[in-house]
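Whenever a hint applies, use it, and build me the whole structure from the sequences.
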Amino acid sequence: MWFMWALAVLAGSAAADQQALERMARGEHDALAELYDRYGRTVYSLALRIVRDQGDAEDIVQEVFSQAWRQAGRYDSGRGPVVGWLLTMARSRAIDRVRGRRVRPAAILDETAALDMPDGARLADEQLEWAGRASQIRSVFEELPLLQRMAIELAFYEGLTHSEVAERLELPLGTVKTRIRQGLLKMKDRLGRE
Amino acid sequence: MDHDALRESTGLYVLGALAATDREAFEAHLATCAVCAAEVRTLAGVSNALAYAVPQIDPPFALRSRILMDAGAPRQTSSLSSAVPALESRPRAASSPSFVSSGWLSAAAMLALAVGLGGYAVSLRQRVGGLELQLRETVNRLDRSEQAVAVATQIAERAQVRVAVLTSPDLTQVNLAGQRPAPRAIGRAFWSRSSGLVFAATELPQLPAGRTYQLWFLRGTSPPVSAGLLKPDGSGRMTAAFDTPASVGTSTGLAVSIEPDGGVPAPTGELYLVGLTQ
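As given, the protein sequences belong to chains A and B, one line each in that order. By the working numbering, the letter at position 73 of the first sequence is numbered 73, and the numbering carries on one by one without gaps. By the working numbering, the letter at position 113 of the second sequence is numbered 307, and the numbering carries on one by one without gaps.
A hint or two may mislead.
To be verified - Stretches of chain A that chain B covers, calculated by requiring three or more beta carbons in the stretch to come under 8 angstroms of a beta carbon on chain B:
| id | region |
| --- | --- |
| 1 | 63 to 72 |
| 2 | 94 to 100 |
| 3 | 165 to 172 |
| 4 | 179 to 186 |
Think of the hints as simulated: they come from the structure by calculation, not from any bench. In this text, a Cβ means the ideal position worked out from N, Cα and C, and glycines have one as well.
Below, the structure is given as structure tokens:
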């Protein structure tokens with residue numbers, strides 16, 4: 001979790017997040033608003049990328065922050081930064097939905113609704129302190145060799161399992177395993193160095 | 195399974211992609227192996243960072259209040275809506291009957307009223323100025339949002355084509371090998387007749403001025419059909435997606451040749467990459 005810590009510390013928010021959770025545990029709604037204002041967009045963006053449906057993504061964000069509200073008192077800071085907890089919840093819920101949907105294969109390709117947002121939308125490359133780091137993560141990811149990137153993309157963003165990734169890329173199981181590990185290690189190396 | 199074999203699974207494990215039985219075996223190993231546990235901790239950080247590699251998009255504004263109300267928070271009013279009733283309430287005080295009824299209103303009182311109204315007019319102007327500023331900021335924000343949506347839509351469309359290709363049931367992979375002018379070049383194509391072509395290449399030599407690379411569908415003894423033009427970056431790498439041309443028919447492979455800028459209807463230049471469908 002070194003990287004999440006680095007991000008949270010960069011944003012100067014690791015301690016503030018912890019305090020917000022403590023205040024949430026005491027029933028202070030302002031603290032929930034504060035946490036949402038800090039991470040609502042990050043959580044929403046990840047959920048939207050995975051489920052590719054605005055309504056589903058909103059539901060997931062609502063579930064994640066409701067759960068954070070209910071379980072704030074039980075959160076153990078030894079588990080890592082709060083933002084990592086929120087994102088893990090969001091990803092696992094999003095993947096549950098996508099995997100549930102996969103019974104109807106046509107739905108996976110139906111992405112037209114993904115960016116049809118009535119309330120305005122924008123890329124994050126401005127304002128937030130995360131932005132500089134976020135675009136760096138994106139470019140490090142984009143620079144990975146094609147098959148490493150595709151294998152990671154299918155597993156992380158599409159929620160495919162090991163054998164599903166192998167099937168989709170027409171590669172042996174062992175190759176997929178190695179490519180994913182190499183890709184992540186390479187990202188760690190590049191992100192850690194800069 | 196031994197340590198080396200299990201260690202290869204660290205990536206799949208942190209992405210949550212291991213099948214249940216594999217995961218149990220890996221977790222049993224993890225409990226006893228400090229090396230693998232350390233690697234899992236490191237890679238978990240990278241896996242979390244991937245959450246930030248997605249384009250960041252603002253959630254709808256209403257979602258915030260839904261979440262707060264869900265948690266039982268009291269309704270909040272915005273600063274703008276609270277400013278408007280304040281504007282309305284002042285003129286009502288100014289036109290109240292006590293100011294117009296008496297004929298004996300002294301000059302001093304009239305002066306005080308004039309000064310009061312003047313002060314009110316100033317504060318009104320300031321308030322209108324403030325609102326105009328807010329409006330301008332909002333319009334600017336909207337402009338920026340619209341530009342960003344256009345960019346995001348483009349990115350999404352490109353990504354959509356690639357995902358559509360990679361998830362098609364008729365996906366074919368073609369590996370292209372470097373030819374005489376570029377023996378180290380490598381190309382890889384993922385082609386679906388129904389959804390299009392995703393093509394990637396590395397180690398393509400720098401193009402001389404006025405030249406371009408062009409990708410061709412080979413068709414056995416029939417003439418090749420152009421798939422599109424390729425522009426590698428400074429390091430000789432490129433990735434691009436193309437539609438399947440209507441006239442392809444049966445394709446036996448793909449090739450890349452060097453051609454005059456803008457491309458040509460039939461290949462004329464030397465071949466740099468060639469690969470046949472398996």
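Each hint, compared with the structure:
Counting residues of the region 63 to 72 of chain A whose beta carbon lies closer than 8 angstroms to any beta carbon of chain B gives 3, which meets the minimum of three for the stated coverage. Three residues within the 8 angstroms Cβ limit are the bar, and the region 94 to 100 of chain A against chain B gives 1, so the coverage statement is violated. Chain B is given as covering the region 165 to 172 of chain A, and this holds because 4 residues of the stretch bring a CB closer than 8 angstroms to a CB of that chain, at least three being needed. With 6 residues bearing a CB less than 8 angstroms from a CB of chain B, the region 179 to 186 of chain A meets the requirement of three and the coverage assertion stands.
Going through the hint list in order, the structure does not satisfy hint 2, though it satisfies all others.
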